[in-house]
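Number of protein chains: 4
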Amino acid sequence: MTSSDDLGGAFTDTSTAWLSPETLESISAQVPLVYVDALPVRVDERGVVTHVGLLLRVASDGSISRQLVSGRVLFNERIRDALIRHLEKDLGPVALPRIPPEPTPFTIVEYFPDEFVSGFVDPRHHAVSLAYVVPVFGDCTPTQEALDLAWFTPEEAVSDRVRGEMTGGQDRLIRLALAHVGVLP
Amino acid sequence: MTSSDDLGGAFTDTSTAWLSPETLESISAQVPLVYVDALPVRVDERGVVTHVGLLLRVASDGSISRQLVSGRVLFNERIRDALIRHLEKDLGPVALPRIPPEPTPFTIVEYFPDEFVSGFVDPRHHAVSLAYVVPVFGDCTPTQEALDLAWFTPEEAVSDRVRGEMTGGQDRLIRLALAHVGVLP
Amino acid sequence: MTSSDDLGGAFTDTSTAWLSPETLESISAQVPLVYVDALPVRVDERGVVTHVGLLLRVASDGSISRQLVSGRVLFNERIRDALIRHLEKDLGPVALPRIPPEPTPFTIVEYFPDEFVSGFVDPRHHAVSLAYVVPVFGDCTPTQEALDLAWFTPEEAVSDRVRGEMTGGQDRLIRLALAHVGVLP
Amino acid sequence: MTSSDDLGGAFTDTSTAWLSPETLESISAQVPLVYVDALPVRVDERGVVTHVGLLLRVASDGSISRQLVSGRVLFNERIRDALIRHLEKDLGPVALPRIPPEPTPFTIVEYFPDEFVSGFVDPRHHAVSLAYVVPVFGDCTPTQEALDLAWFTPEEAVSDRVRGEMTGGQDRLIRLALAHVGVLP
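In order, the protein sequence lines correspond to chains V, S, L and R.
Quick note on numbering that gives the first Met the number 0: the first sequence kicks off at 0 and runs consecutively.
Quick note on numbering that gives the first Met the number 0: the second sequence kicks off at 0 and runs consecutively.
Quick note on numbering that gives the first Met the number 0: the third sequence kicks off at 0 and runs consecutively.
Quick note on numbering that gives the first Met the number 0: the fourth sequence kicks off at 0 and runs consecutively.
It is possible that part of the hints are untrue.
For identical chains, the list gives no copy identity; a pair is met inside one copy or between any two copies.
What the hints assert, rightly or not - The calculated SDA-like cross-link candidates involving lysine to any residue, where the alpha carbons are at most 20 Å apart (straight line), are:
| id | residue 1 | residue 2 |
| --- | --- | --- |
| 1 | K88 | L183 |
| 2 | K88 | R45 |
| 3 | K88 | P184 |
| 4 | K88 | L55 |
| 5 | K88 | F111 |
| 6 | K88 | E44 |
| 7 | K88 | V161 |
| 8 | K88 | L18 |
| 9 | K88 | R41 |
| 10 | K88 | G46 |
| 11 | K88 | T140 |
| 12 | K88 | I63 |
| 13 | K88 | E24 |
| 14 | K88 | Q143 |
| 15 | K88 | V135 |
| 16 | K88 | L146 |
| 17 | K88 | G137 |
| 18 | K88 | V120 |
| 19 | K88 | A58 |
| 20 | K88 | P122 |
| 21 | K88 | W17 |
| 22 | K88 | R56 |
Hints listed in this document are in silico derivations from the structure and should not be mistaken for laboratory results.
Chain V extracted, bound-state conformation:
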């Protein structure tokens, strides 16, 4: 049980959105959950992505692996507020993320416990995740459960070494993100 679930968005009332692990487990056995994924990136003055930030943390399958920022959208929470909340939770309060003006994610990720359904795996539940690339301009310090935050060039991010540190399709999601911003090697 993490304390992050009870941090509501600034603009909607999510005060009743916190759920006990038992309640969430019961719900997630019956409906898909709404998630967001965010790939924090550094951009140069022309907007070109130069680095992507990956967290080192305990994955949902128990392994230690490189991951994007990810988390659940709460009841009554706007997508933008969920993005900001999870980015602040994982990167600290002065990361200065710039949420894109358009609401459209760069892709939709469908996570299933069964690895053969979509290639994106979450052993805990079926989740539909809206995935965004989010430029950050401030200082990022891994917080809470994250063990580390490291920045990689696009070439490093798709290297065998870094891909070997990711599970559940996270390496593939990063390639989709790099392709969207035109810097997939």
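Let chain V serve as the given structure and place chains S, L and R on it in line with the hints.
Frame of chain V, contents of chains S, L and R only:
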């Protein structure tokens, strides 16, 4: 209780996905639901949208109004299967919809009971909906709860008359769709 | 003849890209030109577009009208450099535009002298323009040929009054941009 | 000199659009040209891309290599008409391509003679190309300069073998396309 909820997708096991109204009501008071919206369109041989199809049906607020095809994504159901299921449910089995190859929706619609949160309203629950424009090439016959299906040119679809027949932000969603395909008047 | 045409991008050699009006006129009678359109916007801390910036200037048809930032892509110039060059030319050197990380424009605008081809008109030539929404964070001061720069809310930007001050399909392009960022009223 | 250049689109007058090689060479030394790239794909009944079609032809650098459908947009020609013209020219008259309803390409490709500018190379000129994924439903027979047309699964298309048969960044463009439609391995 509609019979549509227990029609599973072809590629995933949604046999346990049907939920009683009481259970769904309880869940939807605690988490946002995953929905899809689809605007059926006719295109010419160059791919240009010439007409949009709107259903006449009883809206979630009880009024009779023009609507897009819309519905819930079931537990263990892929987004594509949910789209096909709802399109077949509302347009009949020979509508021949062509689901786009890209998984990215043209926009994300956040429905809330409170009309002042996002401008998109569903009095029943908080839903996050992935919205797609779907060309259909076969015969469309309104089925189940739909009273009628009518085709409108882009000019007609944004006219005061047709907009006056829509509620809950559906008229705005159609303008976003028409803009995406470049034919917003 | 403006001096802006010979300002090259930082990363490519466009030193030979300046063309005399006669040469450009001859070329533009034979091939479509590559253009960029940029709608400068103000966003709030959650990334939501709150205002759009429109220039008041002499349009290509001789009228004084509200316009987006727009201009030609030079020989050997990258799209990003063309965007920055035209934004600086029209908004001044401290507008601090943030070019989006993705290279994909929100729409493609096809300008023709004939107003009935696409609805987007440029009496001088056939141009294919890549259109972007660009958040700006600094001070904007209209420069060169622009008579004024004014900021409008989305509601004001689509009002009859402001639409009446635009020609050549610019009002429609703004509606497409507002739809893309989810704030079309 | 190919005969394809004087086939005009159905809706605009491109009768004067044919240019002699000398004229085109002179123009392309002074302005970027407008191009389209199209990746023909086969999709299943749910819209998932199962195969991509690649032409075997003499590349602009003189080598024989696998390529997408590609070509110039003529003066007074609409983008959609250019796409159809080039698809018919390369895949034959009964390929039955379905041009997407949205005008937005999945990416913008900037071709330069210098391979170090963008990674996309055309030794003949600077071109700005709008790139589309186009499902085709009919019989495809390579025509004109194409030596062969072969269909590859996404896994095959990104294999070292097939990538080794491509030059000028075409292999990277295919990965960007596969990422856009969610099937990049």
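Violated hints - listed by number, lowest first:
1, 3, 5, 7, 13, 18 and 20
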